[in-house]
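The numbers in the working numbering rise by one with no breaks, and the one at position 302 of the sequence shown is 602.
Treat the hints as calculated values from the structure; they're not laboratory data. Incorrect hints may appear among the rest.
Claimed, not checked - Think about it this way: if two alpha-carbon atoms lie no more than 20 Å apart in a straight line, the pair counts; the simulated SDA-like pairs of lysine to any residue are:
hint: 1; residue 1: Lys648; residue 2: Asp570
hint: 2; residue 1: Lys575; residue 2: Leu553
hint: 3; residue 1: Lys540; residue 2: Phe478
hint: 4; residue 1: Lys648; residue 2: Leu553
Unchecked claim - Computed spacing ranges between beta-carbons, pair by pair:
hint: 5; residue 1: Leu354; residue 2: Ala497; range: 38 to 44 Å
hint: 6; residue 1: Asn334; residue 2: Gly588; range: 50 to 56 Å
hint: 7; residue 1: Arg458; residue 2: Ile483; range: 19 to 25 Å
Here the structure is a predicted model, which is why all the values come from computation and not from measurement. For glycine and all other residues, C-beta sits at the position ideal for the given N, C-alpha and C.
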Amino acid sequence: MVQIIKGLLFNMATITSIVMFANMLMHEKHLSVNWKNNVRNGFLSGILGCILMLLSVPITDQVIIDFRCIPVILMALYVSFFAAMETALVIGIFRLGYFGVNRASLVAFGVVLLAGVACGLVGRTSLRMRTKWLLSVASVCLVTGVGIHSVLEGHPDRPYILLAYLALLAGMSTAMHFFTEYIAAFNRKIQRIREEAEVDHLTGLKTPRQFERNLKKHLAAGGLSGKGVSLLYIDIDYFKNINDRYGHSSGDLVLQELGAILKRMGRSRDIVFRKGGEEFTMLLVDCGLEQAALVAERIRKAVEEHGFQLPDHGCIHISVSIGVAALEEAPSAVDLLERADRALYRAKQAGRNQVMVAGEDGEAGRA
301 MVQIIKGLLF NMATITSIVM FANMLMHEKH LSVNWKNNVR NGFLSGILGC
351 ILMLLSVPIT DQVIIDFRCI PVILMALYVS FFAAMETALV IGIFRLGYFG
401 VNRASLVAFG VVLLAGVACG LVGRTSLRMR TKWLLSVASV CLVTGVGIHS
451 VLEGHPDRPY ILLAYLALLA GMSTAMHFFT EYIAAFNRKI QRIREEAEVD
501 HLTGLKTPRQ FERNLKKHLA AGGLSGKGVS LLYIDIDYFK NINDRYGHSS
551 GDLVLQELGA ILKRMGRSRD IVFRKGGEEF TMLLVDCGLE QAALVAERIR
601 KAVEEHGFQL PDHGCIHISV SIGVAALEEA PSAVDLLERA DRALYRAKQA
651 GRNQVMVAGE DGEAGRA
C-alpha cells in the first residue's frame, strides 16, 4: 500500500511540474480560442495522460492506476468539451495500444471516455469554477471507482486499494484546482502589470515604450516590403495655458478627447501613442508622405472644429501643430522621429495650428 501511495504522489508531482512548465512557456502567448488551439491543447494534454500511465502504479499484470483523468478535467474546465474528449481519446487509445487489449484496458478506455463526457458537460455550464471542479472530481471518482472495483474483482486488497486511490484522487484533484487557480490569478496580475506598462492610463493610448517598439517593427517591415510608413508628431498648442486657466482636471479631459479624436481619424492599422505630456504620435502604415500630409491636415481641422468639454460643462476650442515625416526620406527610426520633430518645431515657429512636412533635405514645408 505504501508503494501505491508513493507512486500516485509521484504521478501528481509529474502533473504539477508539467502544468507549471507549460504555463511558463505559454502564458505570454495570447492564444485565441479556435479549433486549431483546441486540437493542439487536447493532443498535448493527452500526451500528458500517456506520460502518467507510463509512470503508473501496477496492481496486477493488467491493472494499473494513476491520475490520467486529471488532464481530462483540466481540458474540460479551462479549454473546451472538444479538447477534453480529444484528451480522453488519446489516453484511451494509448492504454489499448501500449499495454495491450484485455478486459482491464477496455474498461479503462470506457472509464476515460465517460470521464471526458462528464467533465466536458460540466465545463460547458455557467457554474462557478469551484463548483465545476467539485462536480468534475465527483464524476471522475465515480466512474474510476466503478472501473477499478470491476477489474479488481477477487483481489484481496480491493477495498483498501480503492479507498486509497479515491481518497488520493479527490485530494490531488482539489490541490490541482487551487494550484491552477493560483496560476490563473498570477497570470492575470502579470497581464494587468503589462497593460499598465503598455497603455497610458489617462488616454488609453499606447505608451512611449510601445511607440519605440512599434516604430522599429513597422520600419523594418516597411523597408523590406517597400511600402510606405509615415509618422505624425502632434502637439497641443498652448496646452500650459489650458492647465493654468481651467485646471489640470480640464487638461486631462482635453487629452482624453484628443486621444479619442486621433484614434477615430486613423485607420484600423494605424497606431496612436501618447508620447508624453501634450505630445502625441501617430504611426501610419502603408502610407506615403503625401497621403500622410493629407491625414495630418484632416486631423488638424477636426481638432480645430471640435468643442472640448470641461468638467464644469463648459466648452473650449484648441488647435494642434503637426510634423510629418516618411520612411522614404528617413533611413532609420531615430532619423524619422527627428525629422518629424523638426517639422513640428517649424509648425510651431510658423504660428501654430499648422501642418509641416519634412522634405528630403530635412527641412520642413507646408502641407
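TODO: Quickly compare the C-alpha distance for Lys648 and Asp570 to 20 Å and report which way the hint goes.
DONE: Not OK: Lys648 and Asp570 at ~25 Å, beyond 20 Å, violated.
Open item on the list: Please verify whether Lys575 and Leu553 have alpha carbons no more than 20 Å apart.
Closed with: Within the cut-off at roughly 17 Å; holds.
Task: Hinted pair Lys648 and Leu553, Cα distance within 20 Å - done: violated (23 Å)
TODO: Could you say whether the range 19 to 25 Å given as a hint is met by the Cβ separation of Arg458 and Ile483?
DONE: Given about 36 Å between the Cβ atoms, the range is violated.
Task: Distance restraint hint 50 to 56 Å, applied to the beta-carbon atoms of Asn334 and Gly588 - done: Given a distance of about 35 Å, which is not inside 50 to 56 Å, the answer is violated.
TODO: Please test the hint of 38 to 44 Å on the beta carbon pair from Leu354 and Ala497.
DONE: At 43 Å between Cβs, range holds.
Open item on the list: Hint check: Lys540 vs Phe478, CA-CA at most 20 Å. Holds or violated?
Closed with: Given pair Lys540, Phe478 is violated - Cα atoms ~52 Å apart, limit 20 Å.
The structure is inconsistent with the numbered hints 1, 3, 4, 6, 7, although it conforms to all the rest.
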